[in-house]
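Let's have the full structure, built from the sequences with the hints guiding it.
Residue numbers (my numbering), protein chains in the order written: chain A, 379 to 550; chain B, 5 to 495.
These are calculated hints, taken from the structure and not from any lab test.
Hints are all accurate, no fakes.
The list that follows gives simulated cross-link-like pairs (lysine-lysine, DSS-like), each with its CA atoms no further than 25 Å apart:
| id | chain 1 | residue 1 | chain 2 | residue 2 |
| --- | --- | --- | --- | --- |
| 1 | A | Lys493 | B | Lys198 |
| 2 | B | Lys153 | B | Lys164 |
| 3 | B | Lys206 | A | Lys493 |
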Amino acid sequence: MEAATTIQTVLFWTFSVLGLAGAVGLLFNRNAVYAALSLVLNFFSIAGLYLSLGAEFLAAVQILVYAGAIMVLFLFVIMLLNMQEEKGVFTFDIRRGAAFILGFAFVAEMMVVLKGFWNHEAGGEFTYGKVEPIGRALLTDYLFPFEMISIVLIAALIGAILVARRHTHQEG
Amino acid sequence: MDLHLLGSDTLAIAPLLLLLGVGLLIMLLDSFRVHASIPWLAGLGMLSAGAWAWLAGPSQSQVVFSGMMEAGGISPLVTLFLCLAGVFTVLFVPDYLARHDNKVNDVYALLVFAVLGMVLMANAHNLLMTFIGLETMSMCLYIFAALFKTDTRSNEAGLKYFLLGSFASAFLLFGIALVYGITGTLDLGELSTKITLLQENKALFYVASGLMLVGFLFKVAAFPFHNWTPDVYQGTPTPLAGFMATGSKMAAFVSLGIIIEKLELVSPAVDNRLATVLALTAFLTMVYGNLVAARQTNLKRMLAYSSIAHSGYVLLGLCAPVFGFQAILFYMFIYTLMNIGAFGLLGMAEQRMEDTDIESWKGLGKSSPYMAGAMAVFLFSLAGIPPLAGFMSKYQVFLSAIREDLVVLATIGILTSVVGAFYYLRVIFLMFFQTTEQPSTLNLRQKMAPATGIAVLVLLIILLGVFPSLILDPIRAAFSSDLVIEMASQP
Chain A
379 MEAATTIQTV LFWTFSVLGL AGAVGLLFNR NAVYAALSLV LNFFSIAGLY LSLGAEFLAA
439 VQILVYAGAI MVLFLFVIML LNMQEEKGVF TFDIRRGAAF ILGFAFVAEM MVVLKGFWNH
499 EAGGEFTYGK VEPIGRALLT DYLFPFEMIS IVLIAALIGA ILVARRHTHQ EG
Chain B
5 MDLHLLGSDT LAIAPLLLLL GVGLLIMLLD SFRVHASIPW LAGLGMLSAG AWAWLAGPSQ
65 SQVVFSGMME AGGISPLVTL FLCLAGVFTV LFVPDYLARH DNKVNDVYAL LVFAVLGMVL
125 MANAHNLLMT FIGLETMSMC LYIFAALFKT DTRSNEAGLK YFLLGSFASA FLLFGIALVY
185 GITGTLDLGE LSTKITLLQE NKALFYVASG LMLVGFLFKV AAFPFHNWTP DVYQGTPTPL
245 AGFMATGSKM AAFVSLGIII EKLELVSPAV DNRLATVLAL TAFLTMVYGN LVAARQTNLK
305 RMLAYSSIAH SGYVLLGLCA PVFGFQAILF YMFIYTLMNI GAFGLLGMAE QRMEDTDIES
365 WKGLGKSSPY MAGAMAVFLF SLAGIPPLAG FMSKYQVFLS AIREDLVVLA TIGILTSVVG
425 AFYYLRVIFL MFFQTTEQPS TLNLRQKMAP ATGIAVLVLL IILLGVFPSL ILDPIRAAFS
485 SDLVIEMASQ P
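Here you go:
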């Protein structure tokens, strides 16, 4: 028991530090490709955190969707746009200053609010993060929302086609 | 979930499935190049879905699909209202698109899906469903905003709405996640039994409901989150902007109203600062919307700011539990009629960009008196002048606020309506009493479908102004059969 807790703590700190490093790397890298790769590090670390919580399905989806599909998309866009090194990321004006202060205030506020929840012990064995209970829930209790999400996807698909389709005169 | 209930559950949400089927059929027909019948199919589909919900919907309030959706209670009425918003919009769209050389028939499928999303959102009994409905609706509206690809205004509108809207959705989702964190459930019925748990974790609950409120207030364009409204409405095809300003707001307000009732966000029994936040937002929205609308020189932007002001009045109604909720349902229905009418008529006149300038409406009373008369009815009604329906709806909202001792807010509402009357009446004055040398350059071609739409809307506005009980009585009856809202409203 003791050993398991130690390993979990070690894993938690490792993944947390890596995840934060990735996030900071994303923000401070001027080269877009490096920034994107830092984001991959962040995605993988978060997947590791999910895994250490017993949420296997979420971890797999995190890697497949975010680290896989979305990152490929990012890299393609960077490649197609042939982005140069970003200059002047850290210029400061009143708007950015205000946004920075407000954002910082929001984070501080959330820290205060969530403080009471930091030391909560996770109760019992996690079973709902595995694939089987999720599949069962999706096809029983959550059947209706699961089916209805497909409409969002159809609408998004139509939108993507409408926006991306070549402009010809008779279709306007 | 019980599998043997699947049949009756499906029957209870049959109007939704009808909408879904119509939307898919439109996509299919479009790929076979069957173009002429598509708007009719969309209109008839939405009309019959609304009628089905209203006539054959379950009379008793019940939850279906493991508590995901609510059927019965107020939901048949809300479904009817939302479908009617879609039907009236579809009357104006084909003519408008044809005039702008844009024959994208997917618009009708998206319109049906948008109505479907609104119905999902307004009838949701689970916060997860609320979010899915909101996203379905928003996704379609983003595309409407970006429909004219070669028009930079439309591009701006689409991008602005999409980015800000996704941001607002994320706020809502974060709030919902925190509610789940506190209570372990998203079911609105279960949540209303866990009020004490929410009240115990007060700080977290404030953050959760605050974040959810941000999401909703963005969708209804309330004061600090309104900045997108004029630009987006201006870039969106005019009849669809009317739909955006009415249907999506109705869905968001009904959903917010249900959440407020069930989580007792403004209940006087519970000490809650959110009621103050809501009242303050209502105050600022009413004042800001009306004052800025009065300074506009473009009719479309003026209507956009006026829709912000109208959101303020509805928020005022939300501050008053139960009676206010009934009043805002009435208000939103009337507002839908007159606003779709005003935007539709504006769309019928719009050929070039400057046609939406208020100046070019000068002297329209001479050149096309019927259309100018219809516009005058819509604007008089928006201003809230008796005996039109707009007056009755404002009256109901202010009455419900005064009943709950929100006298100061109601007074401010009445005062800002006076400012509102100024800018609506200015347009009417220009149309009828401003003499110009040359007649109005506006070319109001009267096609069959939009002209019928205008006539029906004008008749409805006059009829409901004289006999408001035609709609008010069904609303009251629906509320008294809605067990969950009744229960939540007991002290």
